[in-house]
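The residues making up each chain are set out below.
2 protein chains.
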Amino acid sequence: MNVDQLIKEIYNKKSFLAVGLDTDLAKIPAFLLEYDDPAFEFNKRIIDATRDFCVAYKVNTAFYEDKGVDGWETLLRTEAYIGNNHFKIADAKRGDIGNTSDRYAQAFFTEANFDAVTVAPYMGYDSIAPFLAYENKYAIMLALTSNPGADDFQLQKLDNGKYLFEQVVETSSQWKNSERLMYVTGATRPEYLQAIRKISPDSFFLVPGVGAQGGSMEDVVKHGRTANIGLLINASRSIIYAGNGENFAGKAAEEAKKIVDEMSIYF
Amino acid sequence: MNVDQLIKEIYNKKSFLAVGLDTDLAKIPAFLLEYDDPAFEFNKRIIDATRDFCVAYKVNTAFYEDKGVDGWETLLRTEAYIGNNHFKIADAKRGDIGNTSDRYAQAFFTEANFDAVTVAPYMGYDSIAPFLAYENKYAIMLALTSNPGADDFQLQKLDNGKYLFEQVVETSSQWKNSERLMYVTGATRPEYLQAIRKISPDSFFLVPGVGAQGGSMEDVVKHGRTANIGLLINASRSIIYAGNGENFAGKAAEEAKKIVDEMSIYF
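Residue numbers (this note's numbering), protein chains in the order written: chain A, 1 to 267; chain B, 1001 to 1267.
There may be inaccurate statements among the hints.
Unchecked claim - Here chain A is said to cover these stretches of chain B; the calculated rule only asks that three of the stretch's residues, wherever they fall, bring their Cβ under 8 Å from a Cβ of chain A:
1. 1035 to 1046
2. 1084 to 1096
3. 1121 to 1135
4. 1185 to 1197
5. 1245 to 1257
Read the hints as simulated data drawn from the structure, not as lab findings.
Being a predicted model, the structure only gives us computed values, none of them experimental.
C-beta atoms are modelled at their ideal positions from N, C-alpha and C, and glycine is treated no differently.
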């Protein structure tokens, strides 16, 4: 799915919700543990229950890699099960020298069929360029994250008066194929979201931190929206672990629907 | 293997060489492609040929992930084959919010048995802390990398007069369990290596970029060594692709031995 199709889906569904599949075997309903691939069974039911409410799924690779080969299998099965009617994000936060990033891009865009991968900016242009070389694929770069550690480096002031995260967005906006760049901008610091939007007026922002982490949707939309919405608000745990019994998927759907209802006023 | 054992191995072997297993099916000898797991067959022969010359192996995860499930299998088989007499580095450049980094740490330290993982600093303390929570395991944080993109952000000057990479080392040196931190410092910028060593007098540096990328071992040792050497110089392609015929492993051994001969004057 490319960005035009994503925008179309956003308006069709009146939703800019991304559901995060951070699937943890310790948190899923016990009855699923009897299946061969419990994480996939969980994901499948969550996907079936939520696909009408969200426009994207975000799969955090860490929650699969920690199961080794089996986890990687689950990740690929989940990506395939989502299909082609949602924007599929591999939340992998990769980034390495060029020939190595090239491999990561192949892993997520060719071996798997994700539409976007999250990437870390620290190694600069040649570490991101391989992800931007695929038509209709996207790199979502960390700009300002929602965790406490964002203070350590992202909020360092540079000698030109800018914060590091502002420089990251400004510099990367000049790169070749930067129309395929999106940014991660946490909802917990809405005052800075406006600054990022000013530097990058048209790009999509992937926004974690609404709800559980204390960010407000109203603030995010106020400071971050574009003419095409331009936002993907991600919710993971608050949706997928809304229930823990036989009807966990129904609970997840309810939770997703609540968020979408909240979104409806912006259309 | 912990850092004391690593130091002992360095003095035993008079070597501070890490061999990088960036194994690319397009570059390995054609006769290996007939095996079920050609990358593992390649790694096995390279490991057997070089284990007396190096003290560490660095496995770049990207070169395995791009083969999906099979690649992950090869990565784990390779880690197991290396055994416990070398310092085993997963060059993964991970980093995410705390509960997610925790998963990555489990993936590499528990699911696999690596001694160290490379990590990216951008998300700050809570993204690295989970890697530092394991006794006798290490996080190797990107400080100043050897690629051209290092200029984009790492060499930004902060308003306190420091470069970002200096702040990264200074800040992280104050973190809990920072005695389990090492740093990636590229050989291609020896003038800055000294600055990093001043901030972090005792930590190990993992140094890519000697040889192929133009860095000089003499400069690296001059600016970076500690009383215990404190350096791991990594060579990947120059060793593992030294030959491409039946005797490729012998060629790799020759190349590794050349580097170790060059190192001998520092003992």
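Going through the hints against the structure:
1. Check result for the stretch 1035 to 1046 of chain B against chain A: violated, 0 residues qualifying (beta carbon to beta carbon below 8 Å, three or more required).
2. Chain A is given as covering the stretch 1084 to 1096 of chain B, and this holds because 5 residues of the stretch bring a CB closer than 8 Å to a CB of that chain, at least three being needed.
3. Coverage of the stretch 1121 to 1135 of chain B by chain A holds in this model, with 8 residues showing a Cβ closer than 8 Å to a Cβ of that chain against a need of three.
4. A stretch counts as covered by a chain when three or more of its residues have a beta carbon under 8 Å from one of that chain; for the stretch 1185 to 1197 of chain B and chain A the count is 0, and the coverage is violated.
5. Residue count for the stretch 1245 to 1257 of chain B with a Cβ under 8 Å from a Cβ of chain A: 0. That is fewer than the three needed, and the coverage hint is violated.
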